[in-house]
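There are 2 protein chains.
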Amino acid sequence: MSKDKSDDMRPEYRREDLGTGVRGKYFERRMKPIQIGLIGFGTVGSGVVRLLTEQQEVLARRLGSPLILKKVADLDLDRPRPVALPADLLTTRAEDILDDPEIDIVVELIGGTDAARDYVMRAIAQGKHVVTANKALLAHHGNDLLAAAAAAGVEVAFEASVCGGIPIILALRQGLAANRVQELFGILNGTANYILTQMTQSGASYAQALSEAQAQGFAEADPTLDVEGIDTAHKLAILMSLAYGAQLDLESIAVEGISRLNPLDLQFAGEFGYCLKLLAITRDDGHRVEARVHPTLVPRDHMLANVNGAMNAVYLTGDAVGPILLYGQGAGMMPTASAVVSDLIDLARNLKHGVPGRVPALGWESALSTRRLIKPINDLVTNYYLRFSALDRPGVLSQVSGILGKHNISIAAVIQKGRELAATVPIVMITYEAREADARQAMAEIDQLPIVSPPTVFYRIEDPHLHAAHI
Amino acid sequence: MSKDKSDDMRPEYRREDLGTGVRGKYFERRMKPIQIGLIGFGTVGSGVVRLLTEQQEVLARRLGSPLILKKVADLDLDRPRPVALPADLLTTRAEDILDDPEIDIVVELIGGTDAARDYVMRAIAQGKHVVTANKALLAHHGNDLLAAAAAAGVEVAFEASVCGGIPIILALRQGLAANRVQELFGILNGTANYILTQMTQSGASYAQALSEAQAQGFAEADPTLDVEGIDTAHKLAILMSLAYGAQLDLESIAVEGISRLNPLDLQFAGEFGYCLKLLAITRDDGHRVEARVHPTLVPRDHMLANVNGAMNAVYLTGDAVGPILLYGQGAGMMPTASAVVSDLIDLARNLKHGVPGRVPALGWESALSTRRLIKPINDLVTNYYLRFSALDRPGVLSQVSGILGKHNISIAAVIQKGRELAATVPIVMITYEAREADARQAMAEIDQLPIVSPPTVFYRIEDPHLHAAHI
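Line by line, the protein sequences are chains A and B. 355 is the number that numbering that gives the first Met the number 0 gives to position 356 of the first sequence; each next residue is one higher, with no gaps. 148 is the number that numbering that gives the first Met the number 0 gives to position 149 of the second sequence; each next residue is one higher, with no gaps.
No lab work stands behind these hints: they were computed from the structure. Only a predicted model underlies this, so the values are computations on that prediction, with no experimental measurement involved. Fair warning: there could be bad hints in the mix.
To be verified - Negatives, chain A to chain B, calculated, CB over 10 angstroms:
#, residue
1, 100
2, 182
3, 401
Claimed, not checked - In silico SDA-like pairs for lysine to any residue, Cα to Cα no more than 25 angstroms straight-line:
#, chain 1, residue 1, chain 2, residue 2
4, B, 69, A, 364
5, A, 416, A, 386
6, B, 31, A, 149
7, B, 31, B, 53
8, A, 416, A, 453
9, B, 31, A, 364
10, B, 31, A, 357
11, A, 69, A, 89
12, A, 31, B, 149
13, B, 31, B, 56
14, B, 31, A, 365
15, A, 31, B, 356
Where is the CB? At the ideal position from N, CA and C, for every residue including glycine.
Could you put the whole structure together from the sequences, leaning on the hints where they help?
Shown next as structure tokens:
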């Protein structure tokens, strides 16, 4: 039986089994090397070029055939770069990649959501697979992009979009596939974690730590996306969609950043045995899921408390596997390129074997049509750190704790400092579990007291040993 | 074009592209549910049964079709178990699974190397895929089993064989595929780590900590495999074969256990800022690779130092990704079952799409024909912890350090204790990097000194900040 006939059969198999688009060209291609077009020759792009050129022996041993970098597009070809490429591989026109029928996989590394969305959509429409590190693109347009890709029978791979080279997407999509994820905590932004580590270890102010991070290259000139928790929320949306097998849902995530953090609170948190991390948190109660990003007090002996500097980590609990931590560099040229190229290898294997879409984009057959109900932040039940600025007069603690008690909030620990600060003194409390709506209402009332100088500072705590009230 | 013809074509495609055995039955099967036979209904087997029955909704959403548990074999069907199965699913005869043409995947969970090897080989010969948690089987017979499986066109999946539910096999085989692994440190045995944690935290003796571990169910009546480092070596052999893309090589691993550990050394290690862990270590210098399992001093601020109790972790450095840590429960019913079922899902996807062998067993096309040169332990260059028992006389330190100096060993730190112990006093040293052959020769000479009471105690140190000698 001839091979040509065999080729003709291939699409029929795919149509029946995958429910995805049908194109015979995978099969024609199979003996040819996989060809790659790269759009965006910046830091991560340079890392990808470096791996595809310097790591060729490893890639060939992995695949049995080479990965060919056919074209690299960037608007600025004159910028100094750590890797050099022959001039005929370079172009300023993304179309030279998107319209090249020989290119199998497009790597999108330009960032941002507008041009990137356009390029990815056009690549999909041309029947090309896509690898992207673009978490903002996925968080904002992921549902549309993944649906378009599924309809076209191509894959969009995005391991590099969360936690750099840490294989957290692979773990959620495949390695932990037998589990329901019960809770997940992530330190997903190296810039914010670097700033918090500096503030904690040296007592620096937020402004000082930010300057230091900018000087070290860990923070951009405009750090808003990183320090206000927006980038972390993008990544949490991606992780939630993988964990729960549901559509990406960015809007429902409650987000607070670290830019108004007072070093005083890091110090008091330390006195209670906690450190403060910008955490992405999701938790599934079987009915609704929590979805929040905010500075969080974490016990100092928790694995996440030791994730310092620009490092990233995800700590999650699966109903079968129990607690799991994945830790590593969350950004940077080579760690992110490592994730991009692992996706390229995976896609190349699927191309070689004619099975694009072997694993659904989010790891669940039904994810693109499923939504999860989000628990509003006001329904959250957790422990709180509260700092009141009170006039140093007798009866303050009694008034404050009276209002808390009225709102069903019990105090687990309290530090009341003496006359160290001029006009007011801090009263710092750790509460037992309380409802967020109650905590907010109590704080509003307390801030009305004539003896309290508003606003009260509050942070949420994640401490498995501090759940219920004694009374 | 009819489907029957299409079926006939399938083997030809596979022959050309995969280089593996040829059987048309994958294609016939594709619309049928995947059927599973389980050999070994013990602790992990019960966990697998529980996931396949209680987690059916998750598995069906992952796969789009159910996984069917068709038969479970165990010699003892009367033992009390945490899950119940209908009597017609149970058998005492493994043959009822191995000879059943409807069973696609055999899960081997009986442990040991003799009967398990026989069953796995027979399953492969029958064209069945295999999932196993059996690290001893793989370490001793893995090369033969994987070669037989490749020849027969079936897969042997073994995520559960190392670190329970932690997806370390997946990470090495796929997630970090763009990397050369430069070094890898593993806490791979929960029993040994539990005992070491007890000894460190409570000052218990080895015997006391072992009893405690046995009472808590973390150690078996005969703990030899766990405490002597043998189980850790089995797992290191598997991780090395994945990291380097080379045959499993158990014999070349240098192995020392923890059963002769003196709590005194944990205490002195602590005084130098170290804790002691039973580590699996491999390191690639580009030419040869280190392969060793032994108690190791680790700086107290290293991520591995915080891996306590029965937890497992792997800390590795890839040339692109940098340092990565994966942490979780390394054993137990449900964590191990989580890994077994993730393998079942992966195999089911390959069956569904007709692509068994999409990823080579060890993640490299050439691994089964590749060997790596192992660095003999005598060629190791590392830092040492040395404890001499010396008569409390003037000049002892001078004589000891003189012999060390003669063998090119420089001292980084020393603690000399006063007359606390009866006949002899301990002299404890941390050395700069030295060659193991030199260290052993020096110790042999020192143990001949009339003022020293042999044997000298020595442990290796892994401390990235303590490399070269000052002088």
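Consistency of the hints with the structure:
| no. | hint | in the structure |
| --- | --- | --- |
| 1 | 100 | 22 angstroms, holds |
| 2 | 182 | 14 angstroms, holds |
| 3 | 401 | 41 angstroms, holds |
| 4 | B:69 / A:364 | 24 angstroms, holds |
| 5 | A:416 / A:386 | 11 angstroms, holds |
| 6 | B:31 / A:149 | 23 angstroms, holds |
| 7 | B:31 / B:53 | 21 angstroms, holds |
| 8 | A:416 / A:453 | 17 angstroms, holds |
| 9 | B:31 / A:364 | 17 angstroms, holds |
| 10 | B:31 / A:357 | 17 angstroms, holds |
| 11 | A:69 / A:89 | 9 angstroms, holds |
| 12 | A:31 / B:149 | 23 angstroms, holds |
| 13 | B:31 / B:56 | 18 angstroms, holds |
| 14 | B:31 / A:365 | 19 angstroms, holds |
| 15 | A:31 / B:356 | 19 angstroms, holds |
Comparing the model with each earlier hint shows no violations; every hint is respected.
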